[in-house]
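Peer 1: These protein sequences, in sequence, are chains B and C.
Numbering (our numbering) for the first sequence: 56 to 176.
Numbering (our numbering) for the second sequence: 14 to 123.
Keep in mind that the hints were calculated from the coordinates and are not lab data.
Any given hint could turn out to be false.
[Unchecked claim] Looking from chain B toward chain C, a few residues come up when the C-beta cut is under 10 Å (computed):
(1) Gly62
(2) Thr82
(3) Phe83
(4) Leu99
(5) Asp108
(6) Gly109
(7) Lys112
(8) Glu113
(9) Trp166
What you are looking at is a predicted structure, and each value in this text was computed from that prediction instead of being measured.
From the three backbone atoms N, C-alpha and C, an ideal C-beta is built for every residue, glycine too.
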Amino acid sequence: VQLVESGGGVVQPGRSLTLSCVTSGFTFSNYGFHWVRQAPGKGLEWVAVTSYDGNHKEYADSVKGRFTLSRDNSKNTLSLQMDNLRTEDTAVYYCAKDGSLRAYSGFFDYWGQGTLVIVPS
Amino acid sequence: QSALTQSHSVSGSPGQSVTVSCTGTTSDIGGSNYVSWYQQHPGKAPKLVIYEVSKRPSGVPDRLSGSKSGNTASLSISGLQAEDEADYYCCSYAGNYKWVFGGGTKLTVL
């Protein structure tokens, strides 16, 4: 099982950035996925989830209305579009696989290595 | 959703046992069996070590165990080893398809 994030970088406040997560080693279309972020030197923060079929998505209040999660089951790829970025969005962003087949399990059994997003003040 | 409360740090000598606690509310830990724990070494991605309060994924040693009482979940590590030194995060389902993490506990093996 592998998850590989990409797309991080330095972006000015108010601008947009799209992160990607490419997966392998399992049947992508059978699982939900989460994004979790970690600000420098800080703890983990749950950001968003998509169901296995992409029909259900939910977001943390801190990003709702600014971030959009999508998935392409034909390419085993997850995307996180981040609009109107703020300095407080600076973090390493991890994609994480949900532990349950075609349902939400409440835990994240595999994680990518993360990609760093910096929004300077 | 407010973060779960964890002690900032805990320490123990090799061979000893330590417990990391995580306190929430009836809206998260107290109302859910979807409590999980993650181990994170510096510069690395988190790794699942406990799920559904007390279950261990394959490959996680039985020195690590989880439990829950009321609004508080606990991760216990017995027979401390140097490799256990890491940050540990609890996580709980918080309803409405949202999840919440604790602030993390730094475990130091003396």
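Peer 1: Decide, hint by hint, whether the structure agrees.
Peer 2: Each hint tested on the structure:
Given the 10 Å rule on beta carbons, the hint for glycine 62(B) is violated: about 16 Å separates it from the nearest Cβ of chain C. Interface hint at threonine 82(B): violated, since its Cβ lies 19 Å from the closest Cβ of chain C, which is beyond the 10 Å cut-off. With its C-beta approaching chain C no nearer than about 19 Å, phenylalanine 83(B) sits outside the 10 Å limit, and its interface hint is violated. Annotation: leucine 99(B) was flagged as interfacial toward chain C, and the flag holds, the nearest CB pair being 4 Å apart, inside 10 Å.
This hint is violated: aspartate 108(B) has a C-beta 14 Å from the nearest C-beta of chain C, more than the 10 Å allowed. The beta carbon of glycine 109(B) comes no nearer than 14 Å to any beta carbon in chain C, farther than 10 Å, and the hint placing it at the interface is violated. The closest approach between the C-beta of lysine 112(B) and any C-beta of chain C is roughly 9 Å, which is under the 10 Å cut-off, so the hint is satisfied. A least Cβ separation of about 4 Å between glutamate 113(B) and chain C falls short of the 10 Å threshold, and the interface hint therefore holds.
The interface hint given for tryptophan 166(B) holds, since its Cβ lies 4 Å from the closest Cβ of chain C, which is under the 10 Å cut-off.
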